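I would like the entire structure built from these sequences, with the hints used as guidance.
2 protein chains.
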Amino acid sequence: MPIKPSIPKGTRDFSATDIAKRNFLKQVLRQNFEAYGFEPIETPTFERTETLLGKYGDEGDRLIFRILNSGEKVKKANIDALAAGKLGAFADSVTEKALRYDLTVPFARYVAQYQNDIVFPFRRYQIQPVWRADRPQHGRFQEFVQCDADIIGDRSLVQELEVIQLYDKVFSDLKLTGVNVRLNHRKILAGLAAAIGAPDQLIAFTVALDKLDKIGIEGVEKELIDQGFATDVVAKLNPILSLEGNAEEKLDQLKLILADHPEALEGIEELNYIFKTLQKQGLQCVSLDVDLTLARGLNYYTGMIVEVRAPKSVKMGSIGGGGRYDDLAGSFGLKDKSGIGISFGFDRIFLILEELNLFPKEIVKRTQLLFLHTGEAGLDWCINALQNLRQAGLAAEIYPSAAKFKKQLNYAHQKQIPFVLIYGEEEQAQGVFVLKNMTSGHQKTHPLITPIASLLSN
Amino acid sequence: MPIKPSIPKGTRDFSATDIAKRNFLKQVLRQNFEAYGFEPIETPTFERTETLLGKYGDEGDRLIFRILNSGEKVKKANIDALAAGKLGAFADSVTEKALRYDLTVPFARYVAQYQNDIVFPFRRYQIQPVWRADRPQHGRFQEFVQCDADIIGDRSLVQELEVIQLYDKVFSDLKLTGVNVRLNHRKILAGLAAAIGAPDQLIAFTVALDKLDKIGIEGVEKELIDQGFATDVVAKLNPILSLEGNAEEKLDQLKLILADHPEALEGIEELNYIFKTLQKQGLQCVSLDVDLTLARGLNYYTGMIVEVRAPKSVKMGSIGGGGRYDDLAGSFGLKDKSGIGISFGFDRIFLILEELNLFPKEIVKRTQLLFLHTGEAGLDWCINALQNLRQAGLAAEIYPSAAKFKKQLNYAHQKQIPFVLIYGEEEQAQGVFVLKNMTSGHQKTHPLITPIASLLSN
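Going line by line, the protein sequences match chains A and B. Heads up: the first sequence is residues 51 to 508, going by the working numbering. Heads up: the second sequence is residues 51 to 508, going by the working numbering.
For the record, the hints were derived by calculation from the structure and aren't laboratory data. Fair warning: there could be bad hints in the mix.
To be verified - Derived lysine-lysine pairs resembling PhoX-like cross-links, with alpha carbons at most 20 angstroms apart:
id, chain 1, residue 1, chain 2, residue 2
1, A, Lys76, B, Lys71
2, A, Lys123, B, Lys59
3, A, Lys415, A, Lys76
4, A, Lys225, A, Lys54
5, A, Lys415, B, Lys76
6, B, Lys125, A, Lys126
7, B, Lys326, A, Lys126
8, A, Lys71, B, Lys76
9, A, Lys264, A, Lys362
10, A, Lys136, B, Lys123
11, B, Lys365, B, Lys261
12, A, Lys286, A, Lys272
13, A, Lys54, B, Lys385
14, A, Lys125, B, Lys126
15, A, Lys272, A, Lys300
16, A, Lys125, B, Lys136
17, A, Lys136, B, Lys125
18, B, Lys125, A, Lys125
What the hints assert, rightly or not - Output of the computed footprint for chain B on chain A, the stretches with three or more beta carbons under 8 angstroms from beta carbons of chain B:
id, segment
19, 122-134
20, 152-163
21, 172-185
22, 423-435
In this text the structure is predicted, and so the values were computed from the model without any measurement. Built from N, CA and C at the ideal position, the CB exists for glycine as well.
Following this line, the structure appears as structure tokens:
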């Protein structure tokens with residue numbers, strides 16, 4: 051019984067056209083990372099389970115793909131745990147390795163492991179696939195590419211400027227207009243929580259706030275009250291979230307509202323510096339906003355928080371984000387390394403470029419010339435000419451066998467090969483070859499000594 | 051308790067220098083594949099277990115990394131199988147997916163799955179990592195890159211020529227001289243087995259033959275006798291394996307020895323054609339030989355068999371190989387697709403290039419210029435100049451904070467950044483900047499309007 055050829059849900063095969071487009075996007079990212087002084091690293095597909103587990107919360111742990119131990123080691127399976135429904139403990143007993151779930155934890159592990167060889171501040175980028183046992187759905191895959199850039203080992207705000215300039219440069223190079231970069235600051239969020247009288251409930255507060263886009267102010271208020279915040283406390287939030295004006299105006303108003311919260315004023319000061327400097331320096335492509343509801347990964351971020359939104363014309367939401375953190379590699383024993391990191395949502399950006407038709411034409415490298423196979427007589431000359439063209443870097447092929455011309459021409463047609471060369475007995479007798487332009491259909495006879503490469507343009 | 055930062059045995063982290071070298075090798079391979087009309091495909095990291103199992107023999111099956119099912123699915127664990135020591139059956143009960151073990155089976159699956167979209171003859175290449183639960187040792191990894199090129203859908207010998215020419219071109223581009231390409235043919239091996247009176251024991255015969263290099267003729271004879279071959283039968287082998295002369299002379303002698311075995315004569319005829327044509331066309335870099343002991347993957351190959359040996363000056367053995375096959379995708383229900391495939395031993399070739407110092411200098415993309423951070427005064431100008439340089443495609447950085455110059459210069463030194471620019475209060479007052487050449491140690495003052503990029507060469 052033959053096996054039905056198929057791939058696991060949530061994974062993809064990539065054809066030559068897919069790969070050419072994906073490489074184009076990777077290349078734009080790589081070039082810019084390197085222009086900004088970031089250097090690439092790559093980490094293994096699987097890490098030790100203890101490196102990964104406990105870093106992404108319970109839900110994250112469940113979504114990590116684990117590798118079953120090989121050979122005799124599976125005999126250590128904890129059957130009791132299985133019987134008791136303790137699936138995590140059972141999994142622990144039969145696995146030692148797991149697939150990379152993101153690039154942040156492997157990077158933290160890398161920095162701690164090679165701390166004595168690394169030159170700090172360390173600027174690294176990493177473009178590699180990650181794997182998550184998420185339920186596959188449209189646009190969400192179990193295997194997808196992440197793309198991160200981090201600078202670790204310095205607290206200077208110049209780095210906040212640089213990561214925003216980097217976003218601007220990449221989207222400018224991709225000719226993707228309308229991208230919106232939104233900033234917030236952990237210290238401002240902490241000030242807001244304090245201002246409404248809930249300094250200890252920062253996380254619950256921001257989780258609710260984060261939903262403003264979806265459920266509106268009333269929804270956020272309701273959620274906060276459901277979570278035990280007092281009604282009069284919640285009422286204080288409305289005027290803050292309704293601030294109007296551009297970023298600078300919003301920050302000016304916030305400064306008055308949060309005047310009694312020195313930590314918040316620090317955050318406002320930092321964002322002010324960032325906005326003012328970027329205004330002076332000028333951004334080419336992206337627009338910049340303050341967004342007080344922005345809280346992505348707040349457990350982790352300690353300073354500026356950034357999120358990148360797709361142009362409004364496409365329904366995609368976030369296509370990148372990041373922020374300032376203070377304890378990247380603490381769990382690996384490396385303390386006091388502040389850093390800043392951003393990521394690009396590779397697959398989402400890919401889909402947008404596709405939707406907006408922004409991939410350059412002609413990025414797929416196609417065979418430029420097909421030698422028809424005319425039989426023994428002309429074969430030696432054809433193979434020799436073919437080798438010379440390849441030597442010169444031109445992509446060329448010979449049809450492998452002397453099939454009917456119709457079949458051979460159809461092969462050229464289907465593979466979109468623009469030129470076909472014919473050198474059979476007749477041509478050999480006359481000392482010529484025939485070149486057919488597959489686009490126009492014209493064909494022309496040339497003396498044998500004509501340099502073929504010079505003829506291959508439309 | 052911090053976790054000790056480390057990676058699983060048999061895996062590797064790659065630094066910027068590693069990656070630059072690996073990309074150089076990949077790029078040479080890619081360019082040549084594409085010049086030869088091969089198009090890239092990529093397949094998922096994991097496949098369905100039923101796609102992979104049973105394709106690599108029992109030993110292979112044991113070396114496949116399987117992914118533990120997520121969530122509730124592990125409850126289906128076959129405890130009885132575990133208790134009975136049936137580890138394969140236990141693994142089957144808790145896994146549905148497994149990591150790619152090679153590129154051949156995923157390619158076969160791909161061809162069968164997309165047979166209606168693919169234009170045949172289909173020329174594909176694939177450069178991707180694979181994973182094997184082999185015991186890690188020096189130069190053998192659990193995660194390593196494979197690199198395959200196949201042409202499927204035609205039986206013409208022109209393809210045998212092409213894959214050898216491709217080997218020649220790649221090693222020529224890599225400037226790796228002394229590579230030896232050895233050819234054999236399944237039909238010749240079958241003829242030899244028949245000639246010594248053991249036509250039904252072809253595999254056992256070739257497995258013994260394959261060890262000639264290591265154990266010598268006497269060792270091979272002993273092994274054959276141990277396996278039940280008759281002594282007088284084995285004695286016939288000696289003169290055949292002792293054939294002398296160049297490839298053509300060996301084939302001529304073989305033709306006499308195997309004159310009564312028409313199938314073997316076909317194989318000899320094919321190799322003769324290949325040798326003669328390649329002699330006419332000329333190979334630039336590799337030498338070509340007949341090697342009657344060559345039997346790699348004989349279960350699979352049906353025509354020419356090829357193996358590539360590293361130059362004698364390095365102890366590395368095989369660095370590539372392949373051959374003609376007739377039933378790539380039969381197990382996926384696609385019959386009668388003959389093809390030819392070759393592979394390049396990526397990691398071994400990498401080690402050889404390293405050992406022979408064949409990687410070009412300056413392939414690591416380094417930051418070309420570091421702006422020293424001199425404090426607030428000059429910062430705006432520096433950031434602006436920095437952005438302009440990056441815009442022009444130059445890799446440049448500013449040290450993030452106003453650390454001591456010694457520290458900043460040390461950063462440039464350690465990162466091998468060749469130029470450093472200083473623009474502080476003093477320079478600002480004079481309308482100049484200072485450029486320091488980190489290699490020579492010289493520094494020079496330039497008017498502010500000097501285009502910086504024009505100064506950055508030694």
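Evaluated hints:
no.: 1; hint: A:Lys76 to B:Lys71; result: holds (18 angstroms)
no.: 2; hint: A:Lys123 to B:Lys59; result: holds (15 angstroms)
no.: 3; hint: A:Lys415 to A:Lys76; result: holds (16 angstroms)
no.: 4; hint: A:Lys225 to A:Lys54; result: violated (42 angstroms)
no.: 5; hint: A:Lys415 to B:Lys76; result: holds (16 angstroms)
no.: 6; hint: B:Lys125 to A:Lys126; result: holds (16 angstroms)
no.: 7; hint: B:Lys326 to A:Lys126; result: violated (60 angstroms)
no.: 8; hint: A:Lys71 to B:Lys76; result: holds (18 angstroms)
no.: 9; hint: A:Lys264 to A:Lys362; result: holds (15 angstroms)
no.: 10; hint: A:Lys136 to B:Lys123; result: holds (13 angstroms)
no.: 11; hint: B:Lys365 to B:Lys261; result: holds (17 angstroms)
no.: 12; hint: A:Lys286 to A:Lys272; result: holds (13 angstroms)
no.: 13; hint: A:Lys54 to B:Lys385; result: holds (14 angstroms)
no.: 14; hint: A:Lys125 to B:Lys126; result: holds (16 angstroms)
no.: 15; hint: A:Lys272 to A:Lys300; result: violated (25 angstroms)
no.: 16; hint: A:Lys125 to B:Lys136; result: holds (10 angstroms)
no.: 17; hint: A:Lys136 to B:Lys125; result: holds (10 angstroms)
no.: 18; hint: B:Lys125 to A:Lys125; result: holds (16 angstroms)
no.: 19; hint: 122-134; result: holds (count 6)
no.: 20; hint: 152-163; result: holds (count 4)
no.: 21; hint: 172-185; result: holds (count 4)
no.: 22; hint: 423-435; result: holds (count 5)
Hint compliance for this structure: hints 4, 7 and 15 are broken, all remaining hints hold.
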